[in-house]
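2 protein chains.
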Amino acid sequence: MGRWEPNARERLATAAMELYEQRGFEQTTVAEIARRAGLTERTFFRHYADKREVLCGRSDSLEELMVSAVAAAPAAAPPWEALGAALEASAAMFEGQRDFARWRQSVIAANAQLQERELIKFASLAAALDTALRERGIPELTAQVSAETGVAALKVAFARWLAAPEERPLVEVVRETLAALRAVTTPPSTD
Amino acid sequence: MGRWEPNARERLATAAMELYEQRGFEQTTVAEIARRAGLTERTFFRHYADKREVLCGRSDSLEELMVSAVAAAPAAAPPWEALGAALEASAAMFEGQRDFARWRQSVIAANAQLQERELIKFASLAAALDTALRERGIPELTAQVSAETGVAALKVAFARWLAAPEERPLVEVVRETLAALRAVTTPPSTD
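So the protein lines, in turn, are chains A and B.
Number 187 in the numbering used here belongs to position 187 of the first sequence; there are no gaps in the numbering.
Number 134 in the numbering used here belongs to position 134 of the second sequence; there are no gaps in the numbering.
Okay, chain A solo, but in the shape it has when bound (with noise of 0.2 Å):
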């Protein structure tokens, strides 16, 4: 075993974006990526199973964290502020990371493959929050629409973060998507 390094994860994940950026995520191996944070390949096989990894690490974690506050949300609470629970979540996991995120996006947007993989991870999101509302006792039709549309949710509060001139709180940007959502969808007074 190699010693502790500090940092490694966030030094090998800044080299590995800073080399995906220059000269493309599939020019780039994970040699160079361990070489120009100053650390061995093993350290980073410690850290991530491949140079995709690096990317979308965190997603994994995002689907923990939005379904452990789903299973987390009071037993009375209807199915749409256990969603609005997950997706505040969420906000605060990216909370003070928007540079590093919008760095991500750019490389992911120059990559089909990396796009294709993004919306596998947003699909088994959905998948995962629908199986967690059913957990709640949630009926099915209500679950899956419930899932469905709170991942399409934090999909475009996500993209109006990144795009933002002005970084403002993600969290911010969650709760005005879930409001605009919701005004769209309430019929209009009839009198």
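There could be a bad hint or two in this list.
Which copy is meant is left open, so a pair is good if it fits within one copy or across any two.
[What the hints assert, rightly or not] Here are the simulated SDA-like pairs of lysine to any residue, each with C-alpha atoms no more than 20 Å apart in a straight line: (1) 121 with 109; (2) 51 with 186; (3) 51 with 40; (4) 121 with 175; (5) 51 with 135.
Everything labelled a hint here was simulated from the structure, so no lab data went into it.
Go by the hints and put chain B onto chain A.
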């Protein structure tokens, strides 16, 4: 130019689906599809750009159809109503073709690459609906949220239509899904 072949497009699609199912998508060649359909490769390429398009061909026309429905909605219609019209138009396109759609779905489910293409089609559909809504003067956030939510509802409705033991009209499943979505996002009355 070859002579006109009656139902060539449908015969090629059926032959392709049979082969994809029996041998897998990767292992099937265009020559084999044409042979099984009793047609030439030349005829195949008059109808489809490649063997993937046999599965994905209709998605382009789906996008066109839905975008046109949004554009054709009355000027005073709120975004949710314009989107509802688009979803109902899409349902009409698939009505009566559930067997083919289920078959297609099982071929796609067996191939990771085809699943990714399918997700990309949905992402592209959301972007097209977003643009169509903005062209109606809908503000950015509302348009984005409506488009993503509409596609989420379509995914859920389509999956439910395919999965149900008995065939029901897709338009009914779409309406039921939109009603469930509205119920989920509507705040409970606080009296």
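Right, here's what the structure says about each hint:
1. 121 with 109: both (15 Å within a copy, 16 Å between copies)
2. 51 with 186: neither (44 Å within a copy, 43 Å between copies)
3. 51 with 40: Within one copy, since 14 Å is at most 20 Å while 44 Å is not.
4. 121 with 175: Neither, since 22 Å and 28 Å both go past 20 Å.
5. 51 with 135: Neither: 35 Å inside a chain and 41 Å across chains, both beyond 20 Å.
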